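Colleague: Here's the letter readout for the chains.
Number of protein chains: 2
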Amino acid sequence: MVALTLQTVAARPALAQRKQQRVQARRSLLVRAQATATAAPPAKGEIKDKNAELAINAIRFLSIDGVNKANSGHPGLPMGCAPMSYVLWKDFMTVDPKAPKWANRDRFVLSAGHGSMLNYSLLHLMGYNSVQIEDLKQFRQWGSKCPGHPENFLTEGVEVTTGPLGQGIANAVGLAAAEAHLAARFNKPDAKLVDHYTYAIMGDGCNMEGISAEAASLAGHWGLGKLICLYDDNRISIDGHTEISFTEDVCARYEAQGWHVQHVKDGNHDLEGLRAAIAAAKAETGRPSLIKVSTLIGYGSPNKADTHDVHGAPLGAAETAATREQLNWPYGEFEVPKEAYAEFAKSAERGAAAHKAWEEVHAAYKAKYPEEYAEYESITTGKLPANWAEKLPKFTSEDKGLATRLHSQTMLNALAPNLPGLIGGSADLAPSNMTLMKMFGDFQKDSPEERNLRFGVREHAMGAICNGIALHSPGFVPYCATFFIFSDYMRNPMRMSALSEAGVLYVMTHDSIGLGEDGPTHQPVEHLASFRIMPNMLTMRPGDGNETAGCYYAAVQNSMSQNPKGIKRPSTLVFSRQGMPNMDTTSIEATMKGAYTVHGAEHAKPDCILIGTGSELVMAVDAAKKLESEGKKVRVVSMPCWELFEEQSQEYKDSVLLPEVTGRVSVEAGVTFGWEKWVGQKGKSIGINEFGASAPGPLLYEKYGITVDAVVEAAKQSMAA
Amino acid sequence: MVALTLQTVAARPALAQRKQQRVQARRSLLVRAQATATAAPPAKGEIKDKNAELAINAIRFLSIDGVNKANSGHPGLPMGCAPMSYVLWKDFMTVDPKAPKWANRDRFVLSAGHGSMLNYSLLHLMGYNSVQIEDLKQFRQWGSKCPGHPENFLTEGVEVTTGPLGQGIANAVGLAAAEAHLAARFNKPDAKLVDHYTYAIMGDGCNMEGISAEAASLAGHWGLGKLICLYDDNRISIDGHTEISFTEDVCARYEAQGWHVQHVKDGNHDLEGLRAAIAAAKAETGRPSLIKVSTLIGYGSPNKADTHDVHGAPLGAAETAATREQLNWPYGEFEVPKEAYAEFAKSAERGAAAHKAWEEVHAAYKAKYPEEYAEYESITTGKLPANWAEKLPKFTSEDKGLATRLHSQTMLNALAPNLPGLIGGSADLAPSNMTLMKMFGDFQKDSPEERNLRFGVREHAMGAICNGIALHSPGFVPYCATFFIFSDYMRNPMRMSALSEAGVLYVMTHDSIGLGEDGPTHQPVEHLASFRIMPNMLTMRPGDGNETAGCYYAAVQNSMSQNPKGIKRPSTLVFSRQGMPNMDTTSIEATMKGAYTVHGAEHAKPDCILIGTGSELVMAVDAAKKLESEGKKVRVVSMPCWELFEEQSQEYKDSVLLPEVTGRVSVEAGVTFGWEKWVGQKGKSIGINEFGASAPGPLLYEKYGITVDAVVEAAKQSMAA
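Residue numbers (the UniProt record's numbering), protein chains in the order written: chain A, 1 to 721; chain B, 1 to 721.
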């Protein structure tokens, strides 16, 4: 290749000058860095409790060995966080490793998910069956229980899936909110059925992400006193020292957001300080707690500690040997001294005893409070009540046509009374998204038993909090709402719902240019397609009241794993701002098949098939009537959900989209990308492949050519092709 | 429809109890709300300066009338923010309405974009030709210069496109960073060519969004002393009083993030206080400034002020009349007293004089510092230097195969010396994204003349800041980088780049399951398709070194409007973690056509066409060779960019994808959604339509069936179909 001549370039006067300035800049940075570095805890020191030290180093070396064997991973965080993790898990975490799903267990979230070996080491040392020593040796390998980042659906004992920074801390807010809700809703003076803590470990990266600020603000507002976050302050990020991009006062920021804040200055050795801080955090019941714990990343590694080299790469043989030396660790690869196991065994015993005691409370509660218990059981087991859907209404063409966002509110209010786990709200758009459950009040600091959540304008945290709620108990059906366009603010949590099998319902209103005057910044165009391509996410766009009921029916079923795959699936429910008529041929049952015939079913061999979704379904029907007036035989297919249709038998699919009929047109106010699949080579797709504009909705449909006439014309072309 | 029996439901004991709790909850909320409401400034009061009062009320009534006429929009914010806007625009903003693009103008960003009538009213009163009284009457209508939310590409005087909350304040950070950079890079002791302020108005919604926390943290870290944000503290959000979801101490949070913070308690009347605060903010040169201005939303409306009813709906005739009464406004609809115009005329004159004075500095600078001026001119006019691309290297199969992320770094370093506007960096992944320009240092508080930006782990703000930089001066080519998967954290700013014609380069590495061990939380699957469907966004995935050079060439050209549409287009450049060989048949020129033949061009009538992109291109070539060994004639097409290919002539497209050849296979390590378009009814697509897993990359390709054998088998099926 042609060699680059950077030297020549740098030699130009202007650049030479810059180079000098750069050197000065670097120097001044270095000075600041050192200034901060002096605040770092000592790289060596003594832990008096020798068994504690053994247990802490066991975490470190299991992590080092796992990463080395995989030749991939992040040893730095586990080595630095081993002391705080030891104290937390040995003296505070109340879990029963032999019953990992015990409803009242404490929850632990490793928000800094890249340090996954820390989580796996802890689960192994605690005696979880899910992580044997052999599993640790399979870290990051195909089929392993120990993947690169913690995945709740693979490894018992892992509560949520983390890795994308900031998601975990927001999930933890959801877990703590779920606990506060269930405790307030079900506990009795004589029976404390729900009473556990949520602990999280987060890093600098989590605190730089905006989602953590959103989640922290809500946690402070809600006063989640049983949420305790340990902030691993190691001052190192991938680009180097945090001085280069992160110099805010994190503790002061959390205080401003209503948190109780403490700082443990020597997180490498001060076990008593860690114990005292966590105890004080538990004692603070009105505010969530942040404990800033200053540590050294890669503690024990003589040449890599406190550098970003230890963040995301194996230590390697030589440095591992040097680390064994420095930490006086005579044990072999993956070898754990029995004293280390014994330390955590005490905690496991404590947890098992607590579980046993709770079972008695549980039995007494079940006997004494059968009505409340029925709801509690549904939420904690995921069994839907027999009558959960009985209030879903049916519509005929006689019923007033409405926007599907209004039908959506009807469905939420029809489901809420019989669906104990339904809880949710909007990102400050409740009056537009129509998401209030009218028979309930607001979930607030002084009314956590209520079921309407007020997320504020925090879409990103909203999605992640709903994931936390969903993964707290299998019977929760959390929903959250915003304008469809703002799914762009919460796309990662929506993906995490799909990946981690969290059955969240995403209520997305104002679903097209049909919203009109707000203009292109608010008009989704590519969004329907963008969720149809997301694995394990159901994307639904109903065309009237019955289809809205059907979409909710399917969404709730899938949130409870009632589908061919037998896993929880989230749904993106897409609703219109504008109204549309109710049809006589739509139904809940048919909607759940994903696509079906709503018009012209009598034609065994129609001349063409028109496919519509949502607010454009009526357009397809009107086009059909126009074509029929010209003597054509036309079938109209409503396709509220591609994914559900794809799961039907080939026979059914062929009975809806007759293979021999090549005259096909799709009409949908979104990008046409992907519709080739359904309309075929000779088919046409009416849609919008550019940004919208600010004007009244009906006019926009005309201007962008999404009209009955356009569908008719396209049908003629397709039939002639 | 079946009536809902909420009453019956509510009558159940458990729910009755809840209802009571809810009432208590509401009451306690109300109490808190009132407690805060007392802190609100008076709803009535006197402004001694009568001309000022006229100008302020002119803003209010133009906004009221515009929203009423459109019967759509948000009058509340303009009515509350009129006083601060008047003070800012009359006494501080230095702009020349007759030269809206003057390079050294102050920038104004209405981050709370829904209050757009405020922005339009100000532009009109200041005398911008872009907003005549007739334009105000066309608010929110088709073809209007006054769309629902401010759009920079439609209305001269509007700097950035806002509406999605929080974007604007992050854009403002980008604008201020651009000013700091240009000033440090070009100013001379005897010639201050760059010296302006960036002002923004933000609301509660902006402050609830995480992106604003990310942007504020960076602005504080960078010490952007010429960024001044007015926070409209009106305590009302769409769901009601901010008490229900937003109770953090915003001022304390900004202080923690390194800002200079002030509070003007009566933003409705205290013009002197507003003047003093903005003056003090200008005097503070080392830190960005937040001025919390307490106002009444909908000030002057006797029945709707201080309620969310006035936020997003027209006042209507009756309430407008009552407001005219309360504010003693005798003028008719869209009628502006000459005294009001006169107030702003003073500011326009001041700006014109400043512009004139600057032109002299400009001329002197041009004469005295020709070398620096050449770079300055390129950045401020958008004219690329003649030699901008001359250092882009060429590769042959002799050159070592590399990951395209490494080629990407080569291109950035080849372009940087000759592309004055190239500036950018990564969200704390520089060593993985390979985005450092080696001849430059870090843009930091004490070295803003440098061109490597350290965004920290703040993807959302990063994108919006780059939009601000791009829209500051037409010759900036900002780039920003992260793992492709984390585009999910910045999807809205990426869309805003496309919508607002900001030519940002998004450098997205680790583009498939090929990244391996990090697992499904880090493996993009649906992402390529998700950007191909985004209007005005180019999505590029090169297959070797030459194609990487070609993609950068096309991306820079498009960032400078060099395309058939003649508008700036951003690019999403997608690069691999893993290596791939260089090919002799690839080239910059061919890459810029979007798709072309890299193998088997000699066959006029091949038996089949294999289409590959990125790291799978070599797989297509290997499959072709295997098929050829079995006597088949095979063409391989590389398709690095769908959008560019779609813009080629039908003749060219048919010459690449021969219409008569129906045996076609696409291979790409992403969802197959959309590929039907290129492979047709008889074609096959090899890809991955589920989430990946944690394991070594090569093994994942096998496990998910993305292999040479799979391509060969699919080709045989397709040819037989």
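Worth flagging that the hints you see were computed from the coordinates, not collected in a lab.
Computed from a predicted model, the values in this text were never measured in an experiment.
Warning: the hint list may mix true and false statements.
Any copy, or any two copies together, can satisfy a pair, since identical chains are not distinguished.
Said to hold, decoys possible - Listed below are the simulated SDA-like cross-link pairs for lysine to any residue, each with C-alpha atoms no more than 20 Å apart in a straight line:
{"id": "1", "residue 1": "137", "residue 2": "244"}
{"id": "2", "residue 1": "445", "residue 2": "241"}
{"id": "3", "residue 1": "633", "residue 2": "317"}
{"id": "4", "residue 1": "653", "residue 2": "361"}
{"id": "5", "residue 1": "98", "residue 2": "597"}
{"id": "6", "residue 1": "438", "residue 2": "244"}
{"id": "7", "residue 1": "625", "residue 2": "406"}
{"id": "8", "residue 1": "101", "residue 2": "154"}
{"id": "9", "residue 1": "394", "residue 2": "677"}
Colleague: Taking 20 Å as the upper bound on the Cα-Cα distance, should residue 445 and residue 241 be classified as within, between, both, or neither?
Modeller: Between copies, since 16 Å is at most 20 Å while 38 Å is not.
Colleague: Given a CA cutoff of 20 Å, do residue 633 and residue 317 count as a within-copy pair, a between-copy pair, both, or neither?
Modeller: neither (75 Å within a copy, 51 Å between copies)
Colleague: With 20 Å as the alpha-carbon cut-off, assign the pair residue 438 and residue 244 to within, between, both or neither.
Modeller: This pair counts as between: shortest inter-copy Cα distance 17 Å, intra-copy 50 Å.
Colleague: As a check of your reading, is residue 653 near residue 361 (CA-CA no more than 20 Å) within one copy, between copies, both or neither?
Modeller: neither (52 Å within a copy, 73 Å between copies)
Colleague: From the Cα coordinates, with 20 Å as the cut-off, is the pair residue 101 and residue 154 best called within, between, both, or neither?
Modeller: For residue 101 and residue 154, only the intra-copy Cα distance (14 Å) is at most 20 Å; the inter-copy one is 57 Å.
Colleague: Go through the copies and call it for residue 625 and residue 406: within, between, both or neither, with a Cα cutoff of 20 Å.
Modeller: Classified as neither; 28 Å inside a copy, 59 Å across copies.
Colleague: Within a copy, between copies, both or neither: where do residue 98 and residue 597 come within 20 Å Cα-Cα?
Modeller: Result: close neither inside a copy nor across copies, 52 Å intra and 60 Å inter.
Colleague: Pop the pair residue 137 and residue 244 into one bin, within, between, both or neither, using alpha-carbon distances up to 20 Å.
Modeller: Neither, since 36 Å and 49 Å both go past 20 Å.
Colleague: For residue 394 and residue 677, with the copy left unspecified, which applies at a CA distance of at most 20 Å: within, between, both, or neither?
Modeller: neither (32 Å within a copy, 39 Å between copies)
Hints 1, 3, 4, 5, 7 and 9 from the earlier list are contradicted by this structure; the remaining hints agree with it.
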